[in-house]
Amino acid sequence: MRIAVVATCLGDALFPQAPIATVELLERLGHEVVFPADQTCCGQMHVNTGYLDAALPVVRHHVEVFGQAFDAGVDAVVAPSGSCVGCVRHQHAMVARRAGDEGLARAAEQGAERTYELSELLVDVLGVTDVGAYYPHRVTYHPTCHSLRMLRVGDKPLQLLRAVRGLELVELADAEVCCGFGGTFAVKNAETSTAMLADKMAAVLSSKAEVCTAGDSSCLMHIGGGLSRLRSGVRTVHLAEILASTDRDDRSADIVFDRAEVRP
Amino acid sequence: MTGHGRAAERSRTIELGMPTPASDPHRHLRGTEGFPAAAHRALADTQLRRNLGHATRTIRAKRAGVVAELDDWEELRRAGEAIKADTMARLPELLVQFEERVTARGGVVHWARDAEEANRIVVDLVRGTGADEVVKVKSMATQETGLNEALEAAGVAALETDLAELIVQLSHDRPSHFLVPAIHRNRAEIREIFLREMPDVDPDLTDEPRRLAMAARAHLRKRFLAAKVGISGVNFAVADTGTLSVVESEGNGRMCLTLPDTLITVMGVEKLVPTWSDLEVFLQLLPRSSTGERMNPYTSTWAGVTPGDGPQAFHLVLLDNGRSNVLADAQGRQALHCIRCSACLNVCPVYERTGGHAYGSIYPGPIGAVLSPQLTGIDGPHDVNATLPFASSLCGACFDACPVRIDIPSMLVQQRAAAVDAHTRRTGQDVAMAAAAIAMTTPGRFKLAERALGVGRVLAGRKGRISTLPWPLSGWSNARDLPAPPAETFRQWWARTHGGT
Amino acid sequence: MGARDEVLARLRTARDAGAPATPPIGVLSDPVVPRTYRSAGRFAPGGEQVLARLDETLTDYRATVTRVPTEDDVAAAVRAFLRTAGSVVVPPGLPEGWLAAFDGAVRRDEPACTVDELDHVDAVVTGAAVAIADTGTFVLDSGAPDQGRRVITLVPDHHVCVIRAADVVASVPEAIARLDPTRPLTFVSGPSATSDIELDRVEGVHGPRRLDVVLVGGLRPGEQ
Ligand code: SF4
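Protein chains in written order, with my numbering: chain A, 1 to 264; chain B, 1001 to 1501; chain C, 2001 to 2224.
Rather than coming from a laboratory, the hints here were simulated on the basis of the structure. Bear in mind the structure is a predicted one, so any value in this text is a computation, not a measurement. Built from N, CA and C at the ideal position, the CB exists for glycine as well. It is possible that part of the hints are untrue.
Claimed, not checked - Label pairs and their calculated CB-CB ranges:
no.: 1; chain 1: C; residue 1: Glu-2071; chain 2: B; residue 2: Glu-1189; range: 25 to 33 Å
no.: 2; chain 1: C; residue 1: Arg-2108; chain 2: B; residue 2: Glu-1197; range: 17 to 25 Å
no.: 3; chain 1: C; residue 1: Gly-2086; chain 2: B; residue 2: Asp-1045; range: 18 to 26 Å
no.: 4; chain 1: C; residue 1: Gly-2086; chain 2: B; residue 2: Asp-1202; range: 25 to 33 Å
What the hints assert, rightly or not - Covered stretches of chain C, as calculated for chain B (at least 3 residues, CB under 8 Å):
no.: 5; stretch: 2073-2079
no.: 6; stretch: 2106-2119
no.: 7; stretch: 2130-2139
no.: 8; stretch: 2144-2157
Said to hold, decoys possible - Covered stretches of chain A (in silico footprint by chain B; criterion: 3 or more residues with CB under 8 Å from a CB of chain B, positions within the stretch not fixed):
no.: 9; stretch: 9-18
no.: 10; stretch: 210-220
Taking the hints into account, I'd like the entire structure generated from these sequences.
Okay, here's the thing in C-alpha cells:
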C-alpha cells in the first residue's frame, strides 16, 4: 500500500521520533511511505482556540496538499496523532462550511475518509495486530480523549500493545479521564490543567509502569512534562515508537525529556 | 451570528420582535471575575475538592450502572435529541398550542420578556393572594431571574424546600450544581449550617444523612401544611395536552404542587415537548442520567386546575429572557435542548476540580459554559462570560454523558469563536494566531519557523529540558518541563534518509 | 406590542434565523424523530416475569412487597402491613374488601379530609393505575376512585398500595400509553428520598417514609 504520512506540526518540529517510528514501522511491514513535503499543520490549534477564520487557509492548505497526494496514487493517509485526525475528520468540513466554501468542505470530507490514526490504519485497514515488535518494558496506556471519544479507536491500541513481545501491559486507573492538556487550555487555564495532570500522574505512578504510552505526542508532552518535572523516573513514549521497536532496534533509550544526554 | 453582532445587541437599541439577550438584574448569569481567577481560589480549597471528588465519583458510578441496564440507551438518546430539535423548529407554534390547552383547563398564562418582567408578574400574583410567605420547589428559571430577591423586596419570604436548595439558602450561599445545588458541602458542613440557622433544630443533631434529612422534614413540615402559595419550575411541559411535570425525590415538590391554594409555575419556553408520548423518552433519560436511579421517587404531572384536587388557582409564566437569542443560532440552539440532568457536570474533569461557583453563572459546567454566554451575549472583550467557553480541555466526556446528545465540545469551539470575534482590539494572541496561520500556509516559512527552534535548544542548555518559560507560557512551565527541541526535525530526517524535500 | 406578541415574534425571528441551513456541526440531527427504542418491555404485561421484576425493583428502592395470589388475599396482606397503624384514610372508591381485616379507624376521603386530619392519620391505602417493572414505579391517577386526591397519599407517613397484575407493565412507554395526561398523576418509586447529601440516597424526607406494596395475582394459590 502507498501511504502518505502526516508528520503533524508538533511531530515534525518537537517530537520527530513519533513520525519517524511511523515511517519505519510501515516500511518494515512492506508498505511504501511518502511524505508530502509541503504539509504544515492540520489547523487544530486555530480551530480549538476559536480562530475559525484564521483556520480556513490552514485547512485549505492541508486539504490541497493531501488531495494532490491522493491524485498521485496514495491509498491512505496516516497521522500518529488522534487529535490531528480528529480535526481532519470532524472539524475541517465545519470550518469550510462556516466560511461558506462548500467545495472545500466536500474535498475535506473526501480526504478525511481515507485519513487514519495509526492504530486505525494498522488494525482496520492493514488488518494487523501483531506488528512484530519487541519492547521488554512495563507499559501503561493512556487513551487520549480524541482517540477515545472523537475517533472511537476503542481497544485497537491495546490489541497492538498486547501483541508486542516482551511488553508487560499494566492497567491505568481512571484511564479515560483527560490528562488536562487541551491545547491552549493548558496555558489559559494552567492551574485547572495542572490539577488534572496531578491526578493523571498519580494514576501513572501507582501503576508502577516504567513507560506511559499514548497515540498523541501532545498529551505525552503534557504528561511527560509533568513526570519530568517531578523527576519521577517514568518516561513517555509514543505508541508508534513501541510498535517500531524490534529486538534489533530497541528504542527504549528514547527519553524525550533528557534529549541532550541521549542525542547528539 | 458573530460576536460583534451580539455585542451590538447588548447596547439595547432593541428592535421589536428581535431575539434579545437575557436581562440579569441580580447577576445570576455572570460572575464578577473570569473563570481562571475564580478557579484559582476553588482549586486551593481542599475541602471543596474532596467534597466534589467524592460526590461526582459516587454519582458517576451510579449513573453508569443504571445506564448499562438499558440496551436501547443510544436509541433513547437519539430520540431525545430529535424531539428537542423538532421542538425548537416549531417552538412558537407549539407554545401557542400549549397556551391554549393550559387556558382551556383553567390555568392563566402570562408571558415575560425578561427577568424583571417575570419577577413583577409573580410578585403581583403573590401580593394578590395576601400571602407573606411562599414555598418553592427547585426551579432554575426563578434562580436565573432572581425571584427570591424580588419577593423579599416586596416583603414576601420565599422558602426553598429542596434539601440542597435549603442548605444553600440557609447558608446565604450560591448554588453550584443543577441537581444538588449544595454539592460543594459535605455532611459535617451541612450539620453546622443547620445548627446555626434552623431556629427549632435538635441541638444533638448528628451528621448522619438520615438525621439531617429528618431535620429538614421537621423544619419545613408545618410551613408546607400551612402554605397558601407554591412556586415551582417545570421539567417537561407537553404542548398537545397542556400537561406540566416536576421530577423530584423528596416529596417537597408534591407538597408545593398539591397543598397551596395558588400555584405559580415559572417556565423557560424551551421546556416544551410536542406530545405526551414524548415523556416516555425523557422519563427514562432524565432519572438515569441525573440521580443515577431507574426512576426518581416522585414525578408529578398536572394540567391546569382540577376541581377538588390541589391548587384551585394556577398561573403559568412563560419566560424568554435570552432564550430567543440562543434559538437564533443554528448550532448554539442545541443548548436549549438541555434537560438539566447534570450528567455533563458530573463527568467533567474541570467541573470536578473547580466546582460550580467558578463559572459565575447559576448554569455551571460544560453546558453552562456554552449556555451562559449565549443567554447574556458576549458584551465586549472583557465580559467574564467570554472566558467560560475556554474552561474546557475539549475532552468530550460531556457529549458521551449527555442524554440528549448535545454536542457540547463543538459548541465550546463555536463559542470560543464568538469570544474571539468580540475582541475590539487585536490581542497578542490574535497576532500570534494570524502569524501562525500565514506560516502554516507557506511551507517555506514553516521550515524557517522550525529553524528558530534552535533557540529552544539554547534555552534548554545541557539539561535537555526547559523548565521556565516567559508569560503567558509560564502557566505551562510552572508545573511541567518542555523538552529541548530535537537536533533534527522530522523533515530533516526524511531528507537525510529518503532524499528530496 | 404586549409581552406575549413580543416573545412570540422574537421566537419566530430566531427560529427562522437559526434554522439549520446545514446540519448542525458534529452531530447530525434527524428531523424525523427516530423511535427505534423499545416501545414494549422484555416481558408481557401481567405475566409472572414482569411481576417478579417489579417485586425486585420495588424492593431495591426500599419498598416492602407482599405478593398474594388473588384479590381475596388482599385484606390479610393489608392488615399485616397496618399492624402498627391505628387509623387509615382511603380514597372514596377503595374496594371495601381490602380493609375487611383491618380493625383500626377508617376515614373515607368523602367529604374531603382537611390537611390537619391527614396529618393525624397513620396511613393511607390506595390502588394504582399502572406499575412499571423496569423502574420499580407505580402511578397514582387522582381521577381514579381507588386512588383519590393527591394529598391523601402525601401527608400520611405510611402508604400501602395495592397493585393488580393486569396493571403491571414492563417499560415506561407502555405505562405512558395507558395514562391520561389531563388528570393529575403521581409517579412513585419507593419512599421519599434524597440524594442531596454527598449524592448518597437516603430514604425518608417529606413524602411518606414507609411504602408497602401488595402485588395481586401471578402466583398460583399456595405459592405465597
Ligand atoms: S447538557 Fe446534557 S448532560 Fe448536561 S445537564 Fe443538559 S441534558 Fe444533562
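We went through each hint and held it up to the structure:
1. Glu-2071/C / Glu-1189/B: 25 to 33 Å: Given range 25 to 33 Å: violated, Cβ gap about 51 Å.
2. Arg-2108/C / Glu-1197/B: 17 to 25 Å: This hint is violated: roughly 42 Å between Cβ atoms.
3. Gly-2086/C / Asp-1045/B: 18 to 26 Å: Violated, since Gly-2086/C and Asp-1045/B (Cβ atoms, about 51 Å apart) do not stay within the stated range.
4. Gly-2086/C / Asp-1202/B: 25 to 33 Å: Holds - the Cβ-Cβ distance for Gly-2086/C and Asp-1202/B, about 26 Å, lies within 25 to 33 Å.
5. 2073-2079: violated (count 0)
6. 2106-2119: Coverage by chain B holds for the stretch 2106-2119 of chain C (4 residues, Cβ < 8 Å).
7. 2130-2139: holds (count 5)
8. 2144-2157: Three-residue rule met by the stretch 2144-2157 of chain C, so holds; n is 5.
9. 9-18: holds (count 8)
10. 210-220: Per the Cβ count (0), the hint is violated.
The structure does not agree with the numbered hints 1, 2, 3, 5 and 10 stated previously, though it agrees with the rest.
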